[in-house]
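Mapping of the sequence shown onto numbering that gives the first Met the number 0: position 87 corresponds to residue 86, and the numbering continues sequentially without gaps.
Hints were generated in silico from the structure; no laboratory data involved. It is possible that some hints are incorrect.
Derived Cβ-Cβ restraints for the label pairs, each shown as a range [said to hold, decoys possible]:
#, residue 1, residue 2, range
1, Phe288, Arg168, 21 to 31 Å
2, Arg134, Ile245, 12 to 22 Å
3, Leu283, Ile249, 40 to 50 Å
4, Arg168, Glu291, 51 to 61 Å
5, Ile249, Gln287, 35 to 45 Å
Only pairs whose alpha carbons sit at most 30 Å apart, straight line, appear in this in silico DSS-like list of lysine-lysine [stated by the list, open to error]:
#, residue 1, residue 2
6, Lys129, Lys345
7, Lys129, Lys253
8, Lys253, Lys345
Yeah, the Cβ is synthetic: ideal placement off N, Cα and C, and Gly gets one too.
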Amino acid sequence: MSDKSPKPQEPDTDVHEDPNEPAFDWMKPKTSSGASPAAPAKASPAAPANGSTAAPAAGQPESRADRKAAEAADADTEPPLFADTLADASSGKQPSHYSEPLPTSALQVRPPEDEVARRNAEREQAAKAKPVGPRIFQVLLAVFYPVILLVLAVRAVTSPLFLWVEYNRPGFPGDGYGFNTDDRMTYGSYAVDYLSNWAGPRYLGGLVNQDGAKLFKDSEVAHMADVKTVILSSFGAGVLLIILSIIGIIYLRKRSNGGVRRGLFAGSIVTLVIIIGLAVLAALSWQQFFTEFHRIFFANGTWTFSLEDTLIRLFPGQFWVDAGIVIGALVFIAATLTFIFTWPTKRRRGLASGGADRDTETSTKDTEDESESADVRGTTAESAR
0 MSDKSPKPQE
10 PDTDVHEDPN
20 EPAFDWMKPK
30 TSSGASPAAP
40 AKASPAAPAN
50 GSTAAPAAGQ
60 PESRADRKAA
70 EAADADTEPP
80 LFADTLADAS
90 SGKQPSHYSE
100 PLPTSALQVR
110 PPEDEVARRN
120 AEREQAAKAK
130 PVGPRIFQVL
140 LAVFYPVILL
150 VLAVRAVTSP
160 LFLWVEYNRP
170 GFPGDGYGFN
180 TDDRMTYGSY
190 AVDYLSNWAG
200 PRYLGGLVNQ
210 DGAKLFKDSE
220 VAHMADVKTV
230 ILSSFGAGVL
240 LIILSIIGII
250 YLRKRSNGGV
260 RRGLFAGSIV
270 TLVIIIGLAV
280 LAALSWQQFF
290 TEFHRIFFAN
300 GTWTFSLEDT
310 LIRLFPGQFW
320 VDAGIVIGAL
330 VFIAATLTFI
340 FTWPTKRRRG
350 LASGGADRDT
360 ETSTKDTEDE
370 SESADVRGTT
380 AESAR
């Protein structure tokens with residue numbers, strides 16, 4: 000190779016112009032038109048002889064500042080996050096697809112004042128309103144309680160135990176027609192057992208006394224059959240009311256704090272009023288009271304007998320007086336104890352009101368949460384439209 004042969008031109012490695020300039024074209028960022036900015040034109044071996052250089056390509060930045068400006072312009076041209084929603088709202092057209100509303104749109108839209116007042120009134124009414132179910136069961140428990148006590152007291156009287164106490168107590172009148180205490184106890188037990196068993200009229204109609212004659216006349220057997228119907232009906236009603244009362248107590252224990260106590264307290268008051276009223280009527284005129292009682296349940300002429308009949312000899316007038324006193328005393332004692340143990344003291348009222356307040360607060364809070372959720376959903380839907 001001679002000294003006059005042309006030497007290969009070295010690449011341009013001038014680093015004084017822009018030290019951060021990429022070394023290769025494919026490493027340069029793209030412009031808004033999608034093309035990489037070209038490096039400034041340099042003199043090449045194929046340049047014209049007159050020494051002029053080619054002008055740089057149009058739109059290609061020649062420095063780092065120009066390249067930064069081009070990148071900022073590309074970023075400004077990106078659409079906003081909710082551009083489609085804003086465009087649809089401004090043009091009044093329904094969007095072709097679901098678009099998420101602005102995050103603060105629900106806070107910027109408030110319902111009308113009358114709607115807000117209506118919702119507040121509904122919340123207050125829901126907080127103050129008390130459920131109807133517990134009140135109904137409390138009333139039923141108060142009504143059933145005196146009937147249950149009366150049925151239980153009647154069941155205690157229609158038993159061989161009470162019969163034995165009556166026949167053996169001092170001062171009980173004897174039988175002037177030949178029955179001693181053992182005879183009364185034997186025959187009276189048959190009569191009392193007949194009232195609570197499922198035997199027919201022959202249970203009493205087939206009994207005979209010592210001389211072989213029938214112990215009870217047909218009219219007496221018919222009356223005892225009527226009494227048995229009344230007694231069994233009252234016992235059946237008492238069992239049904241007890242079952243319903245147990246159901247009511249279970250319901251009130253779950254749904255109403257203090258509801259059982261209030262129902263029994265009201266029932267004890269009703270029982271005391273009824274039993275005191277009946278006791279006053281019986282004390283004023285026992286015979287009239289006894290007659291009116293039989294007229295209610297039995298037909299006239301079917302419950303009157305002579306002193307020689309077996310029913311009168313076994314169950315004289317003093318027996319019914321004592322039975323009425325025992326029934327009234329048992330009911331009165333049970334109602335009084337119930338009244339005392341269910342009296343609304345401060346402690347009991349505090350426990351009940353505390354539980355009721357907690358239930359009310361919980362229901363009020365739930366109602367408010369539901370209303371607020373409904374408000375947010377409504378305002379969100381309005382802003383989306």
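Report task. Find the hints from earlier in the document that the structure breaks and name them by number, from lowest to highest. Result -> 4
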